[in-house]
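Protein chains in written order, with the working numbering: chain A, 21 to 357; chain B, 71 to 163.
Keep in mind that a hint or two might mislead.
Stated by the list, open to error - Using C-beta positions, here's what the derived DEER-type ranges look like:
| hint | chain 1 | residue 1 | chain 2 | residue 2 | range |
| --- | --- | --- | --- | --- | --- |
| 1 | B | Q102 | A | P321 | 45 to 51 Å |
| 2 | B | A144 | A | T116 | 29 to 35 Å |
| 3 | A | Q150 | B | Q145 | 22 to 28 Å |
| 4 | A | S50 | B | D139 | 24 to 30 Å |
| 5 | B | V135 | A | R94 | 37 to 43 Å |
| 6 | A | A307 | B | A144 | 20 to 26 Å |
| 7 | B | R86 | A | L280 | 47 to 53 Å |
| 8 | B | R86 | A | S50 | 22 to 28 Å |
| 9 | A | T101 | B | K92 | 34 to 40 Å |
| 10 | A | L95 | B | S132 | 53 to 59 Å |
What the hints contain is simulated information worked out from the structure, not anything from laboratory work. C-beta: ideal position from N, C-alpha, C; glycine also.
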Amino acid sequence: MTTLYLTEPGTTVGYSNQVLTVSRKEKTTSCRLAEVHLVVVLPGIQLSHSAISAFFDNGIETIFLRRDGRFRGRLQGQFATNPTVRLAQYQKVNTTFGRALAQKLVFGKVCNQRVLLQQRNRKSRGRISQLTEAIDILSAYQQQLKASDTPLQEDEIMGIEGICARTYYQALRHWFPEKWGFTGRNRRPPRDPINALLSWGYGVLLARVFAACVQGGLDPYLGFFHAIAPYRPNMVLDLMEEFRPVIVDRATIRLLEADLLTWEDFEPSPDGAGIWLGQTAKKLFLAQLEQQFQTKYRYPPQNQRRLALNQILLEQARWMGRCLASSELDYEAFVLR
Amino acid sequence: MTNLWLVCYDIRDDKRRQRLAKLMEQRCQRVQYSVFECPVDAPTLDKLLSRWLKVLKLPEDSLRVYPLDAKAKAQARVYGSPPPYEPPDYLIL
Chain A
21 MTTLYLTEPG TTVGYSNQVL TVSRKEKTTS CRLAEVHLVV VLPGIQLSHS AISAFFDNGI
81 ETIFLRRDGR FRGRLQGQFA TNPTVRLAQY QKVNTTFGRA LAQKLVFGKV CNQRVLLQQR
141 NRKSRGRISQ LTEAIDILSA YQQQLKASDT PLQEDEIMGI EGICARTYYQ ALRHWFPEKW
201 GFTGRNRRPP RDPINALLSW GYGVLLARVF AACVQGGLDP YLGFFHAIAP YRPNMVLDLM
261 EEFRPVIVDR ATIRLLEADL LTWEDFEPSP DGAGIWLGQT AKKLFLAQLE QQFQTKYRYP
321 PQNQRRLALN QILLEQARWM GRCLASSELD YEAFVLR
Chain B
71 MTNLWLVCYD IRDDKRRQRL AKLMEQRCQR VQYSVFECPV DAPTLDKLLS RWLKVLKLPE
131 DSLRVYPLDA KAKAQARVYG SPPPYEPPDY LIL
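Construct the complete structure from the given sequences, taking the supplied hints into account.
Listed below in structure tokens is the structure:
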């Protein structure tokens, strides 16, 4: 199945005879609807009414992103949602059950962050002492998140997540070539190319997890770790934690290792405060991200079946839904081995 | 597993040929004037065939379908056009 990314402003998308026609200037590419399962639309693209209708009628997920990669919205037609799941979700807020879930999500994230650092550590044969230290710190907190019989308090989980994130991002600079000047995470706006890539990637991931969340019958706006802050898709943010390192951070590493980008591929954001990806950088990065989404892993909950990460996203969302509806705390984050 | 089928036809009448071609283009990749590659599984192929056959007038017209399994696909020799069709994982346009 094909993911169709529409990135070039000025593109128009038509539809006839079950085939999408994507045209820009004189150039037209066609794409059979039956082969498409997801369409990601960047700004400046015109979808014809017939194309939009076809997406609705065939249940094709269509996601819109902003220029800086943030999630703008998605087409939502008729959909089958399960009120039982939503009700269970609302009932679990501010309960021990909810806190225990939050803890599991953070645990998954920290595990995957650690795995990524360890890969670098192995490649460099443990010669970078700051990296080894960071791994040890993450391990310690991993234990703390796993061990406690009674769930930690909200602020304790938040605290651990914060420390781990800082440690992780600072250690991540040992993955990136020095010329990019990465010293740690900053955002809103990102101030260097690597942060720009990370922000953009998290935006794309958020959009995908948002779709998975709705398909899993969950309310995207009510979470457990990112509890109930208004105007923020808290459940989506919860579910994407474990996938951030696995998909986005890894895609960023791969792209920079391939050494295809230069500083010229980035441009200052309109307000001049930050840095954005240029057109080429977007395309290259999307390809890299998509390769991560398509990478297959063994998925323990389903008898070690090999699934692509984009399928695992959906399965995790469904699992979260089942876990809430059945009140059995059996959800486990997806962790790399 | 998605299978790949090689579909080709001989049709005398222009009108019928155009009708069939249009139907086939919905799900198949045209590789030559009357030769298509169809990337679907067997049940889907059956559904498609039942639609296509309604257009044909047998035995004046003929239609042939050959399965291309992974091995056949790898062994296929193609000159002057792309290798046997496979839907791309992603398309960045």
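Unsatisfied constraints (hint numbers, rising):
2, 3, 10
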